[in-house]
Each structure stands twice: as structure tokens, then as C-alpha cells.
Amino acid sequence: MRGKDVRLDGVSITYPNGFTAVEPTDLTIEAGEFFSILGPSGCGKTTILRAVSGFVEPSAGRVLIGGEDQRGIRPNARPTALIFQNLALFPLMPVWENVAFGLEARGISRSERRKRADELLELVALREQADKKPGALSGGQRQRVAIARALAVEPAVLLLDEPLSALDLKLRQHMRAELREIQRKTGVTFIYITHDQGEALTMSDRIAVMNNGVVEQVGTGDDVYAAPRTAFAASFVGETNIFEGRVSATDGPMARIETPFGTFLGRNPTGLDTGAHAMLFVRPEAMKIGAGENRFEAQLVRRDLEGAYLNLVFSTRGKDVAVHITNDGQPLALSGEAPTRLGFGSEQAVVLASGPLARTGREMAAQ
Amino acid sequence: MSGLLTRCGRALTLFFFGAVVLWALVLILLPQLTMLERAMTAPKRQLDSSIALSLSRDADTCISVLRTHEAAPAANAAPESGGLAVPSLSTMGTQPSAQSGGLAIPSMSNMGTSPANGTATEAPTRPYILQCDRTTTRKQMVRSSEEEPAWLDELYGLPRLAVQDTDPIETQIETAREIGGLARTLYTELKEAEANAFPYTAENFHWLFAARAIPLSPEQKAIENARLSKKLYGLLGLRFERDGQVYERIGMITLTRTIAFAAMATALALVLCYPMAYKVALATPPQQAVWLFLGLVIPYAIVELMRVYAWTTIIDNEGLLNGLLTWAGMISEPIQFKRMPGTIFLVIVYTYVLFMVFPIYNVMATLDRNQIEAAKDLGARAWRVHARIIIPHAKPGIAVGCIATFMLAAGAFSVPRIISSGLQSEWFSQTIYNKFFESENSNIGAAYSFTYTLVCFVVVGLFMWAMRTRLKDFARVQ
Numbered sequence: 165m166r167g168k169d170v171r172l173d174g175v176s177i178t179y180p181n182g183f184t185a186v187e188p189t190d191l192t193i194e195a196g197e198f199f200s201i202l203g204p205s206g207c208g209k210t211t212i213l214r215a216v217s218g219f220v221e222p223s224a225g226r227v228l229i230g231g232e233d234q235r236g237i238r239p240n241a242r243p244t245a246l247i248f249q250n251l252a253l254f255p256l257m258p259v260w261e262n263v264a265f266g267l268e269a270r271g272i273s274r275s276e277r278r279k280r281a282d283e284l285l286e287l288v289a290l291r292e293q294a295d296k297k298p299g300a301l302s303g304g305q306r307q308r309v310a311i312a313r314a315l316a317v318e319p320a321v322l323l324l325d326e327p328l329s330a331l332d333l334k335l336r337q338h339m340r341a342e343l344r345e346i347q348r349k350t351g352v353t354f355i356y357i358t359h360d361q362g363e364a365l366t367m368s369d370r371i372a373v374m375n376n377g378v379v380e381q382v383g384t385g386d387d388v389y390a391a392p393r394t395a396f397a398a399s400f401v402g403e404t405n406i407f408e409g410r411v412s413a414t415d416g417p418m419a420r421i422e423t424p425f426g427t428f429l430g431r432n433p434t435g436l437d438t439g440a441h442a443m444l445f446v447r448p449e450a451m452k453i454g455a456g457e458n459r460f461e462a463q464l465v466r467r468d469l470e471g472a473y474l475n476l477v478f479s480t481r482g483k484d485v486a487v488h489i490t491n492d493g494q495p496l497a498l499s500g501e502a503p504t505r506l507g508f509g510s511e512q513a514v515v516l517a518s519g520p521l522a523r524t525g526r527e528m529a530a531q
Numbered sequence: 003m004s005g006l007l008t009r010c011g012r013a014l015t016l017f018f019f020g021a022v023v024l025w026a027l028v029l030i031l032l033p034q035l036t037m038l039e040r041a042m043t044a045p046k047r048q049l050d051s052s053i054a055l056s057l058s059r060d061a062d063t064c065i066s067v068l069r070t071h072e073a074a075p076a077a078n079a080a081p082e083s084g085g086l087a088v089p090s091l092s093t094m095g096t097q098p099s100a101q102s103g104g105l106a107i108p109s110m111s112n113m114g115t116s117p118a119n120g121t122a123t124e125a126p127t128r129p130y131i132l133q134c135d136r137t138t139t140r141k142q143m144v145r146s147s148e149e150e151p152a153w154l155d156e157l158y159g160l161p162r163l164a165v166q167d168t169d170p171i172e173t174q175i176e177t178a179r180e181i182g183g184l185a186r187t188l189y190t191e192l193k194e195a196e197a198n199a200f201p202y203t204a205e206n207f208h209w210l211f212a213a214r215a216i217p218l219s220p221e222q223k224a225i226e227n228a229r230l231s232k233k234l235y236g237l238l239g240l241r242f243e244r245d246g247q248v249y250e251r252i253g254m255i256t257l258t259r260t261i262a263f264a265a266m267a268t269a270l271a272l273v274l275c276y277p278m279a280y281k282v283a284l285a286t287p288p289q290q291a292v293w294l295f296l297g298l299v300i301p302y303a304i305v306e307l308m309r310v311y312a313w314t315t316i317i318d319n320e321g322l323l324n325g326l327l328t329w330a331g332m333i334s335e336p337i338q339f340k341r342m343p344g345t346i347f348l349v350i351v352y353t354y355v356l357f358m359v360f361p362i363y364n365v366m367a368t369l370d371r372n373q374i375e376a377a378k379d380l381g382a383r384a385w386r387v388h389a390r391i392i393i394p395h396a397k398p399g400i401a402v403g404c405i406a407t408f409m410l411a412a413g414a415f416s417v418p419r420i421i422s423s424g425l426q427s428e429w430f431s432q433t434i435y436n437k438f439f440e441s442e443n444s445n446i447g448a449a450y451s452f453t454y455t456l457v458c459f460v461v462v463g464l465f466m467w468a469m470r471t472r473l474k475d476f477a478r479v480q
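Residue numbers (the numbering used here), protein chains in the order written: chain A, 165 to 531; chain B, 3 to 480.
In isolation and in its complexed conformation, chain A is listed as follows (with noise of 0.2 angstroms):
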């Protein structure tokens, strides 16, 4: 197997009712990459996936797969395998029909059919299950059928739409492994949706970052994670403290920025102009007690042990500080008291411009 670079040459999706789904995107794939395309749900993500797949053709721009220009292809002959959310395999059909399905569909006889799948299946360790009907499997036994299912048919492309998102924490991190390992051993090109920021930093070659049918950055995680370039990206892909205020100095690659809580120096990547409306970012490890070359004092509110880290937080006019430090066994000598100096370095904080942020946790339990 051998996979296929897959590019967006301006694709925009806008539906019959008259909602865009995706804004006129230009993204390259190379062959054989591990890509993601990250971000929260109704981002568009799903949607260019059914685009490359063939169940939606793009109102505007092209999809090519290795060089070819797909429109018109209906999704049964493209060089692609999509695993649904759902994964959808056939329940009727024991576990090796399943994984055979698609060779049924290229006319190849049940004796061939059979050592294919019995093959495919040996290389998702299911080989003893293969006269087994699907629902008399685990959820993780499951996921790697369908992952058979889509490999027998031998794609360019495979499509993952959050596959592990039904699974339980320890087998979504066991899974990622897994999967990790047979997109390296059959060389497909795996493009993979999800939410989970987690999952995408794991497995990803590079990660797309969308919302609202923008890809807003599209590097490897750890330019996404340590560079973002929108505020965005910034506040999606792991934690992060947000300051917002104004730029009221720049000075090569570093801005100064004005906000209520302090003036703070970081990063300017995107290059932001004296005055403009800006925020600044600051990764929670990132944050130091008693140090830094940028400082501001709030009180502890809160301390909470997660085994490795403790997690900390703080209250400044208002606003709450996460602070992660690492847990070395000894006490921490900090009460609630009095204010604690926090102070963070000039080149671990990004200055972005303003933007729509991503939703965060509180957010979205209160709706």
C-alpha cells in the first residue's frame, strides 16, 4: 500500500440552506502523512472529510487525490476508506464478511476473500474473532475491525472521524498507539478528525487547527502547541492564561503589551502594530512562582493534586491564573494568605491579536 498527497485547491462547502460549512481552504497532505484536522464540533472538520471521501461534492475549489482532480468520482471509486464516528460496521455480517466487504465489492472470489481478511485481521490481532458477529466484540475489538474493513480495500487515503471518541480513556490511549502503528507499517496517508486536542498532539505528523470553517493554522504540535498563530489556536490547543490589553510597544520579534494586570513582553509572530487590540498567552507550565522576567501578584484560590503536577489557582482583580508546577514531593510553602509574586518568561508568552477564543470548560457545561 502506498499513500496518495491529498490537496484543497480553494474548496468551499456551502449547504442548500444557505449555511458555509467551509470557507474557501487551501490545504496540502502529503502522502503518507499522519494529518489532523482539529477543532471544536461544527468547526466544518467533518465536512471537508465527506468532501475527500465523495458523500459532498465542494460548492467551489477542487479536491485532488495523488494529482487527480476528484469531481464528479463518486465516494465507491475513490482511492479513500472512511472510518465513521460510529465506525458502522455491518452487524449481520460476522467479522470477517465485514472486513471482506469491500473486496466483495471488487468481485474477488469468497476463497481469496477469506485469506485477505483472515490477513488484515492478523494485523489488528482479531484473527480468532473473524466468525464472530460484531456486536459479540469490545468497543476496542470493534474500532480495529473497522480499521481492517477500511484497509482491505487498500486506500491511498484513509479518513478517520473521531473513531476513538466512544471509547473509554486507558483504550482511546491504547488505540492511539495502535493506530499510530499501522498508519507507519501500510504507509497510508491517514487524515484524522477530532476535538480531542490530546489525540491529535500524540499521533499527528501536523495538525490543522479549524473553526468555523477557517483552518486557522496548519503546523506540526509542536508549532500549533508552542506557537500558535491566532488567538484561537492559542486558546484550543492546551491550557493557557489569556491577558488582554493592548500593544504598546514592538521591538523586533517581542511586543509590549498593556493589559489591567500589568505590562507584559512576549512574542509578536504575527508582527502587531503599536495600539492594536491584543492578547496575550501564557501556557499554565509555563508560569513560575517568585521568578520571571514578567511579574504580577495574586492570591491562591485553589490547589489541586493530579498526580505528577499540581495544579494551581489564582485570583487577580478578578480574573483566575492557572499555574501548573511540577509535583517534586516537597510541601508547597504558599497560603492563601498573601499575595503570591507570579512571574512568567518573555519568550514562553505569544502575543496574538484578538479574536474569537476557543469555549472553555465552564462554558460549555453551562449550556
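Simulated from the structure, these hints should not be mistaken for lab results.
For each residue, glycine too, the CB sits at the ideal point set by N, CA and C.
Don't take every hint at face value.
[Unchecked claim] Cβ pair distances, simulated, as ranges:
| hint | chain 1 | residue 1 | chain 2 | residue 2 | range |
| --- | --- | --- | --- | --- | --- |
| 1 | A | Glu194 | B | Thr286 | 34 to 44 angstroms |
| 2 | A | Arg274 | B | Thr368 | 53 to 63 angstroms |
| 3 | B | Ala468 | A | Lys279 | 29 to 39 angstroms |
Take the given structure of chain A and dock chain B to it, following the hints.
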């Protein structure tokens, strides 16, 4: 069972099971058993014993009348007057003897005694006496028209005796006494035998297989023989020719024909409904499907009789269809739609198609559309998606729909009755109705009805076996 106990408690569970047993008993088992018993009961008619009994009574009356006659020999002077006989209203009329003028009652039945007075040359010693005339062992027994006629003396080995009016009175009394004695003994024996006899008979079922001679001219016969349906009946042994005369087993032909038509109507309904159900359940966005669904239901808000009757306005000789065709100049004579079996067939499909659509729709709507997309994505063409994904999923619905439509079509009464208005062969349900309410032996109706139930049951059973639909799957439809 244990689940039911924990959920509903003992009282409710007992009530539930009680209700189920009661229902099965009262509404299924009991009616069928009653029907079977009726079917196996011979039609009511005079038993052999009652003929023996009436013979003994006739003999007694004859003796007493002869005694009176002996005591008053004056009456003997005018033998031609024919005076003393007791007029009988019984249906067992006598063949009036030549001498007995006025009193004769014309016999409506063929059960009379044969005339015993072969000796017209001798003068009778007494006037005509009905009971004496009937006092003979040469009595015909009551038998159905299928059977050979039977006579009491031959059947039970009695001497052939009769009271001759030419004998001296003494001899006549003697003969009557002898006959009376024989009849009484026979009555006692027969009564006992009949009480011990097995009360059931398959005679009513014979009617279903009975062959009737069909009077046909040679030309008609040639036309009939060329018809495919007649050839098929011939192959099934339901139609045969003997000595140039055509016989048909009419009951079985109607039964076979009805079952075949019902099966064909079911198949046509399935062919029509599957795409409809698919379109509404799976190929339409849910918001629009609601309207399609409504469109399907509205025609069925009309009562069945009206729905059927509406068709007569279309297919009538002066109906809509003939009117249109005449107006368009395509025909000059109205087409006799009422005489075409196809019309009944189509109206049945129309009337019961809903019972096919909804079970299929209901099951299909539960199919995860992702499965269809997954199959397409894996390269399957539309027909394979149907064959491998949708039909297997919808199978319980298809089975329920087919069984419901088949049973409704097979049992249809109003449709053939209203549409054909007697202008074409009966539907078997009509035959049953006629046997029940319009024939002299309603037990034949019971036999037909029971057989039909059995045949339909077997057909449905075979169908379920062919569909490999286990009862478990039916639970999924609901």
C-alpha cells in the same frame, strides 16, 4: 420470565400469563377446534335406525287399522272409495297405488316405497291404507347423491316382505306383524351401533376435492384446453377428461387460484413498497420524509369499503376509465373490467399495500445511514448495498409485511365481491361464505374454512422458513 417477575411483581405476572392463556384458548384454540368438529360432523339427515323405527311404527298402525277394518266389514263393500287411510304429512310419501284415487300426496322425494301392488288383476281385499302400503322391507335409505342408492332389505339382509292388499286381511296382519318385529329388532341393533359408532367423518372434506362434470361444447373445450390456467390445473390433477367429458375439482381450483393470486398480490405489493419504504426511510432528509409519509397515510384514512367502492366508479362499464377511453375514441364498446381477474388483483394490492409499506418502513428507518455510506465508500454499487445491507436489515419487516398482506389478500371478501359483482370466479373466501350461509350443509363451510386456515398456515410457515426469519427477529419490528 424471572425478569418479568422482578419488573412487574407476582400478581401482575400471573395476570399477564393468565390473560395470554385465556386469549390463546378462547380466541385461537377453541374456535379452531369448534370449526374442526363442525367440519368433521356429517350433515344432519335421517339415520338408518330412524328408518327402521318409522317402519315398525307404520307396521303397528297398519295392524290396528286392519283390525278396525276387520271389525267393520261393511266398509269392504266400496273398495273404490278409498276412505280410511290416514293422510300423512311426512316427507316419506308413498307412491300412490293405482286404485287409491283422491288421497295421493305427490312425492317430492325419491325415498318412497316402491309400489308393492304388482298384481292389479286381483281385487284388493280392503281400501287403500297408507301405512300398510309403507309397511315393506323394501325401503330406500337416505344417502348423498354421490353414493349408491341403498335399500333396507339388501343392506341388513332382511327378507323382502310387503303387506299385499290382495291377501286376506289375516295374512296382511300376519305380514305386518312380522315386518314390525323385524324392524323393531333392527332398530334396537342399529340404535346401539350408531351410539357406539365414531361420530366424526371426513365426508365434508370430500366436497372440497369432488370433481364436477363441466358441460362444454367441443369448440368451447378446445378453447378452454388451450388456456394456460386450465393446463396448470390439469398438471395439478384438478382438471381431467374422462370419456370426452371434462371434470374439474371446483373447490380445489378456487382454493389454489385464490392462494396463487394472494401470493402474486403480495409479491407485487412488495415490489411496489420496497422502493417506497426505502425512499421515505433512507433516501430523503427527515424533514421532507414527514410529508411523504403523510401522503402515504391519507388514502388509508378512508374506510376499506369506500376505498374498494371508489374503484367501481373507475372500472364500471359507464365508469371513469371506459368514459375516458370512449371519449378519446380508443374504444367503441366498454371494456368489461369487472370480468377481468386482474382488476380484483390490482384493487387488492391497492387496498392492502399499506400493510406492506409500514412494517418495511419501520424497520428500514432504524438502519444507521452510516452503514449505507460505509458500504458505498468501500466500493459497493447500489444493488449490492441493497442486497447486503438494506434487505438483510429490513428482512423482519419484509416478512411481517408479506405475511400481513398475504393473509389479508387470501381472506379478502369485500374486494372480490364488490369489484366482480359475481361476474367472475369466486375468491375462496366467498366460497366459504356461500357454503356457510347459502348451502344446506353449513358443515361443509366449516370444512372449507378449516382447510383454508391450514393451507394459509402452511404457506406462511414455508415463507418464514424460506426467509429464515426466526420469531426472535419479529421482536425487532415493533
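Quick check on a hinted range of 29 to 39 angstroms for Ala468(B) and Lys279(A), using CB atoms only. holds (32 angstroms)
Range hint 53 to 63 angstroms: satisfied by the CB atoms of Arg274(A) and Thr368(B)? violated (29 angstroms)
Taking the Cβ atom of Glu194(A) and the Cβ atom of Thr286(B), is their distance within the range 34 to 44 angstroms? holds (40 angstroms)
The structure fails to meet hint 2 from the earlier list, while all remaining hints are met.
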